[in-house]
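If you read the sequences in order, they're chains X and C. The first sequence begins at 1149 in this note's numbering and counts up by one. The second sequence begins at 2 in this note's numbering and counts up by one.
To be clear, the hints were calculated from the coordinates, so they are not data collected in a lab. In this text, a Cβ means the ideal position worked out from N, Cα and C, and glycines have one as well. Some hints here could point you the wrong way.
Said to hold, decoys possible - Over 12 Å on every C-beta distance to chain X, these chain C residues come out as not near it, computed from the model:
#1 L37
#2 R186
#3 R271
#4 E275
Stated by the list, open to error - Sample of chain X residues at the chain C side, in silico, Cβ under 8 Å:
#5 M1562
#6 G1579
#7 F1580
#8 T1593
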Amino acid sequence: MKFNSLQYVALFLPVVLCLYAIFRRTKAVNYLIWIASSIFYAVGGVIYLLPLLASSILDFFVGAAIYKSQSPTKRKRLLQLSVFVNLALLSYFKYSRWLVESLTNGLVKLDFMEYPYSPEIDLPPGISFYTFQTLSYTADIYRGHMVPRTNFVDYMSFVSFFPQLVAGPIERAADLLPQLEKTRNWISSSDFQFAVLLIVWGLFKKVVLADNFGSVVDSVYNQISTGTMWAGAGLVVAYGFAGQIYCDFSAYTDIARGSALLFGINLTRNFLTPYLSATPSQLWRRWHISLSTWIRDYVYIPLGGNQGTTLMTVRNLFITMFLCGLWHGAGILFILWGLYHGFLLALYRVTGLDRIVDRTPIWLKWVFVLLMFHLVCLGWIFFRSQPEHLSSLFGTIGMLANADWSRYYFTVYMIPLLSLGAVVFASDLIGFSRNTEFCDVLRRTPWFIQSACIVAFYCGIILLGKREGAQFIYFQF
Amino acid sequence: LWLFIAVSFFLENVRALSSFISSFRILFVAGLAILLLELAVKLIASPTLAERSDVLLHEAVQGETFDRLLLWEKIKLAEESRATIVTVGDSSGLHSLNPDIVNRLIGDERYENFSTGANYGYEAWADLIGFLKSRISTLKTVVLYINPWQLPSEGQRQISVLAPVVRQNLAHPWVLLKSSLNAFRYEASRLAFWWMLPRKQDASYSKTYQEMLAAQPESLGFFPEQDFRVPDVNFGKQYSFKYHDPWYPAGNRAGFIYDDLRLVASAAARAGVELALVFNPVPSAVDPGECEDPARAELDRFIADHPEVQVPLQNQQIWPHRKFARFNHIAQEYVWESSVRLALILRRLVGLPPLPGKLPDIFSFEAAKHELEDPANRQIGEWLDENISPEADVKRAVFAFHRYMLTGDPAERASIARPTLEHIDRIPFLRETLDSRWAKVNGLREQGIEVTYDYNTLALTMVRPVDGAESRDDICYVQCSGFLHASFGRRDPQSGGFTVADMYPVFWSAERSLVIPLRREDGRWKADPEQTADHSLHADPSNEATQ
């Protein structure tokens, strides 16, 4: 079910909230959350519930077995079993199609096959998110950071909690499960209003900002597919997609946080004005925080983190970011995108730029922010494109230097990007100035400003919201 | 009673209520402000249903599609309409039926054209019937006017992509709750995405739509097909439709045709209007393929089971291909003929006596048998080698227009049809763009960079006149589709070798393939760009209705 649909906003959420109000103090409340989450998820296809159940049930029992076992070898084996099965499930749905296609394409080129083969495998929405979530459950039990749960319903409401099921934030069991297990009071009027504010702001970001950024980007790609090229098209894609993916994903997180807060649950913050980062390490502390901390805790640090030699640190960074790229999708360009960020992290670390930036005056920091933003935008071209688009897109950026015959298009395409970008920049700057997000700053303003903002978001959605908008980008991951 | 309860509750609980409102004042005030804003806009601007609809997308960068603009105009038309008879259906009706002509021949009845396009589909037409009846109190009869090859089929269902747009904007209960602010979306998007003050006619609307606007409101929904000439050629078996859903249980008599027509018939019955089914004539040069009989059988079953649906012309009527601009779109000069044809049908439907004077008796036509000549479709690469010399000249002429648009090279103008050039020259922006491109290409040439074209990846097909009366041995046509590669690179002055620096593939789909006339002179085929403007080829002195 889409967050930005009337079905969710006007029907599903109010109905579940009403039922929650009725069952809030009973033991049935987590049954309600589990059932509601299953309905929310099954709207996309009932069949998708199977891998979700398989992964959850396995980790529930493996977690219990790890806790009971006294033998370190057995505990390790059980953890390996959980990791293997979860990654196998993820690989089957996410990577097998790509691998088979790549392999058979190679065989076709070598004349061993006549046509490439493409298996029909649908990717269950959010599989990358819930797989990591259940994996963290067993890993935390293995490390002794938490004890396994005996109540399967509580556990399932944690794994499938609908606000964050499909596109995160990737919650740790130690954070989310205790909140779900306890009897929750009805949230305060202040929290309720903040939750609504988060949802409306998220909807505004999705349908006004992200979808309109996406419309510009899609238009460029449509032109590429018909062979039309103009100077600066690559730059439009880079800026446009940077805006689209940030607004899209952070909008999802805001709606998820707002929805969860209505049920008295606080979800992890996933973004913190990432495009105002001056270094790659700052970026990854501010972008998709739940994933970057997951990878840090379960991949980077176990590999040795930055505790070894510089060479070891660089190796660890590349391995971590390679896996981060692979997590996002099956395709060589996702891997390249991950490695590119690994390279940026290593470059700033090895050259000491990380430390230099910290000591520079404010105005120079802004120069580094601008540089970092453009480096990130460059990476988004890899993330969004198909391999055959790359040379054309980068070529059009070069064409800008001496082009005049196609500049008209560049201007036409940049105007909406500047309009939309101004809103993103202004809101992020407000958040950045208080080291938080825009909505958190808004919450501390006088009530009439908050009311005025809600009215403004509503008008924005009606007047400029894209009709028949796209699905959230991270649903496909 | 409710008022009393509410007031009592308020008086008794005023403090609790006040506290409650105060706790949620951010939301209460915001909600109230939104409500007041909506009411104010509704009272002051009084937006119409079309203005409040989401039919137009008002997107950044991308203009509106013709289909959406068309639907928008139809909704506007419905809000003012006083029609007693309307047509709904595919584009064969949109382009063929001029209410101005029909209304002169149907007495006191008033006809308006609500035909849209095939990509709306039967679900949309069914929804449209309900919507029209709710808006037009005088409506009595709806004619489902379709091209016979647009009968419900698997292929037709796949292209019915606009049905949800009609449902969400005209037939869904949510329509009542559409925001009044929607009426200002156009202005807002112009300001935000174009940094321009809104104008009624601007770049976000297509040129075709500008023409349509210019034709409103006199057209009453009719929109003439563009006056471009597709020659009298055999297009082969264009249609291979599957009329039955293989997943239907064996022995079930229903198929796509039966089900979708029943859907429209039910919508008409619910709306309380009479439904008639009329087919557009079909062009002689299109081979109906092998699916005609199953379709006919299923259609007959529908007619037998639904006596309330009028089907005045039971046989498929075939018109000479010269009367069509496209497969199923009547050419402009024959619109009056198809409009008269509809008027004759409507007269019978509403019980008016036949018109006096010499007019064709369209109701007594036999089902026509059409023998196609040898289509002679062959790959032009092979054919050109055998028949056309010099080959390069022909190809140059075929792609002169594309090269001109790419480079602005004035030398190409000699090979482009005069009407096309006149059209280009009338648009200042296009002229400026072409001049600028030519300056750029000249600049590249000074740097030793040339533009070359690779025609080998194009699929070229020869098409020939098939209508015996019109067939001319000295004229034939070439259809081109597929990829043309334009390469930018340097030529080595010594060896003459060409190094490609960049390549721009341009794709022509089969739907918008070029059709280029060739003329045989002195035993050789030569490109004849002027032919596209030669209307004399299509004149029809033997037209029975004109006599």
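Inset, instruction - Starting from the hint list further up, note which numbers the structure goes against and sort them upward. - result: Violated hints: 1, 2, 5, 6, 7, 8; rest satisfied.
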